[in-house]
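**Student:** What follows is each chain in one-letter form.
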Amino acid sequence: MIAVKHLGKRYGEVIAIDDVSFTVDKGEVLAFLGPNGAGKTTTMRILTCFMPATSGTALISGYDIFEDPMEIKRRIGYLPETPPLYPEMTVTEYLSFVAKIKGLSKSDQTTGLALSLEKTGLGDVSNRLIGNLSKGYRQRVGLAQALIHNPDVLILDEPTVGLDPRQIIEIRELIKGLAGEHTIILSTHILPEATAVSQKVVIINRGRIVAVDSQEQLSSHVRKSEKIALRLRRGGAETPQKLNAIEGVLRVTPQSVSGDSESSYLVESNLGEDIREQLSKTVVESGWGLLEMKPLVLSLEEVFLQLTTEEQGVAEATPENKTQLAQ
Amino acid sequence: MKNTFTLIEKELRLYFISPIAYVVAMVFLAVSDFLFYNQIQYFSGLSLRMMQFQNHLPELNIHDAVFRPTLFNMSIILLLIMPLLTMRLFAEEKKEHTNELLMTSPITITQIVFGKFIAALTVYSLLLLLSLHVPLMLSVAVEISWKPLFASYLGLFLMGAVFLAMGLFASALTENQIIAAVISFGILIGLWMVGASAHTAGETTLGQVANYLSMSGHLDQFVKGLISSRSLVYFISMTALGLFLTHRVVESQRWK
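Going down the list, the protein sequences come from chains W and L.
Using our numbering, read the first sequence as starting at 1 and increasing by one per residue.
Using our numbering, read the second sequence as starting at 1 and increasing by one per residue.
Honestly, the hints are just simulated from the structure, not real lab data.
Hints are supplied without guarantee of correctness; some may be wrong.
Quick list of in silico lysine to any residue cross-link-like pairs, SDA-like style, CA-CA up to 20 Å [stated by the list, open to error]:
(1) L:256 to W:56
(2) L:256 to W:18
(3) L:95 to W:82
(4) L:95 to W:89
(5) L:95 to W:131
(6) L:256 to W:81
(7) L:94 to W:89
(8) L:94 to W:52
(9) L:95 to L:177
(10) W:106 to L:6
(11) L:256 to W:206
(12) L:2 to W:74
(13) W:135 to L:96
(14) L:256 to W:13
(15) L:95 to W:81
(16) L:94 to W:81
(17) L:256 to W:12
(18) L:2 to W:93
(19) L:2 to W:110
(20) L:2 to W:108
(21) L:256 to W:69
(22) L:256 to W:57
(23) L:95 to W:87
(24) L:256 to W:37
(25) L:2 to W:96
(26) W:135 to L:97
(27) W:106 to L:9
(28) W:106 to L:5
(29) L:95 to W:132
(30) L:94 to W:87
(31) L:2 to W:104
(32) L:256 to W:66
(33) L:256 to W:52
(34) W:106 to L:4
Next comes chain W alone, as it looks inside the complex (with noise of 0.2 Å):
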């Protein structure tokens, strides 16, 4: 559906991307996670015919980004960081206009607006003045105006940015039931919404791809040890010695003490290596009482932290910080 081919692009001295190359398949949900600044809008840019290559090219439903852009141009649906409105005129008249700049027939246009108005669920506000609406709204608006003549493609550069959690949740919601009928590719810098909405994950920083892959290789891609939360109400300090004495157990570390009497560790075992029945049964013998035992798979935050951050440290997110990121 969408093949990337070694695009770079540079203002000046300036590199914003450089050898950005994936593929997108028919229905896919495509994220494209980096810092601020790392180059999404501008290979989303580049994507959408806005501004041309510097080198490399894109194929969009089998159409060239250079030899093909309006064939491109009416296949995609784009929603730019700031949703491009208009804020005095109506809802409705906004949406008909885009439908007409669109190409569409007449008969198209009333359906793709009541259908667009639908799916965005903006028919309560569709008489009045967009300037008068609220940020979410407005940001349903850009998206309405993106699905209006129904495109096989959808790209959404932060479609969630400066919404509120409920509004968030109902944009990303919206973006989950898109799929399938529509390609998206759409850009975050926040985690937890890549996790979210998408198949794929595509991590840029500093204008190149660090890693491309679905997100549960992605995590395995870049784990070293399987991890295990453990939770004991009556852990002593012989504890961290006879765990580390089990067979595969590479490291086991003390967690902070929420309760009183009770106690955490992290306990790390050979990649691939299954130790829990091992683990529970010498928590069990030795009385500790078992509270909790979990298998930990690293979310994308941190395997995002790990892929573009230089520091190390930093990739070694105990849990307790990575449900506070994740929250």
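Here the structure of chain W is known, so what remains is to put chain L in place on it, guided by the hints.
**Tutor:** Structure of chain L alone, referenced to chain W:
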């Protein structure tokens, strides 16, 4: 064609939603009516004196005595207010990021430029039509020669087209409306005054070029009642130049 029409419709809608078109029309009509009033007062005084001295009905020409000076002065008011009609056109699209919508839709830059230009030209034509109320009212009392008046208005229309094309170019250069207005003032006043340097340069080639480039000279031809092909070509090619430059600027901004 359909796309251009859609864009014209959108620009016109924005013109009449915002107060700009109304304010510009009001100021233009108020000032030009004032100029007309003064000139008509002067003309009637002159006619009376002529009647006393020569003891017969004056053979004064109302076109030369009223319309020619007034319409010529009107062009200076237009010089001052026309940038207000064009300053928004591209600057605001960039500021509101709506250019991203236009540039990623299946429409061409030429269609965008023409859409904006024709919409502005429509508003300007409305202004000119409204200002026709003075000759219409006068036609009740005096005999008006309509042909030179038509030529004058054609001249004003063509001159306005140049103003708008240059204003569009200025608007494409920036995302700040004030800067766009100031740049187009600069261009228009420059085109207006280049004739002054023709006087100092005299009969040299430079003087002739400056003379040809000067807008006021060409407008004067039309306002006199003369449709000269030389001036027609001048106005049309200056408009085309403005639109061409606009197209180039919009296109080049994709590369930045």
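**Student:** None of the hints should be skipped; say for each whether it holds.
**Tutor:** Hint check results:
1. L:256 to W:56: At roughly 17 Å apart (the allowed maximum being 20 Å), residue 56 of chain W and residue 256 of chain L satisfy the hint.
2. L:256 to W:18: holds (17 Å)
3. L:95 to W:82: holds (10 Å)
4. L:95 to W:89: holds (16 Å)
5. L:95 to W:131: Status holds; Cα separation ~14 Å.
6. L:256 to W:81: Within the cut-off at roughly 18 Å; holds.
7. L:94 to W:89: Between residue 94 of chain L and residue 89 of chain W the Cα gap is close to 17 Å, so the pair holds against 20 Å.
8. L:94 to W:52: This hinted pair holds, its Cα atoms lying about 18 Å apart.
9. L:95 to L:177: Status holds; Cα separation ~9 Å.
10. W:106 to L:6: holds (13 Å)
11. L:256 to W:206: holds (19 Å)
12. L:2 to W:74: Holds, at about 16 Å.
13. W:135 to L:96: With a Cα-Cα distance of about 14 Å, the restraint between residue 135 of chain W and residue 96 of chain L holds, given a limit of 20 Å.
14. L:256 to W:13: holds (12 Å)
15. L:95 to W:81: holds (13 Å)
16. L:94 to W:81: OK: residue 94 of chain L and residue 81 of chain W at ~13 Å, within 20 Å.
17. L:256 to W:12: holds (9 Å)
18. L:2 to W:93: Holds, at about 17 Å.
19. L:2 to W:110: Holds, at about 17 Å.
20. L:2 to W:108: Judged against 20 Å, a Cα distance of about 16 Å means the pair holds.
21. L:256 to W:69: Holds: residue 256 of chain L and residue 69 of chain W sit about 18 Å apart, inside 20 Å.
22. L:256 to W:57: With a Cα-Cα distance of about 18 Å, the restraint between residue 256 of chain L and residue 57 of chain W holds, given a limit of 20 Å.
23. L:95 to W:87: Holds, at about 12 Å.
24. L:256 to W:37: holds (16 Å)
25. L:2 to W:96: Holds: residue 2 of chain L and residue 96 of chain W sit about 14 Å apart, inside 20 Å.
26. W:135 to L:97: holds (15 Å)
27. W:106 to L:9: Holds - the C-alpha atoms of residue 9 of chain L and residue 106 of chain W are around 16 Å apart, at most 20 Å.
28. W:106 to L:5: holds (14 Å)
29. L:95 to W:132: holds (18 Å)
30. L:94 to W:87: holds (14 Å)
31. L:2 to W:104: holds (11 Å)
32. L:256 to W:66: holds (17 Å)
33. L:256 to W:52: holds (9 Å)
34. W:106 to L:4: holds (16 Å)
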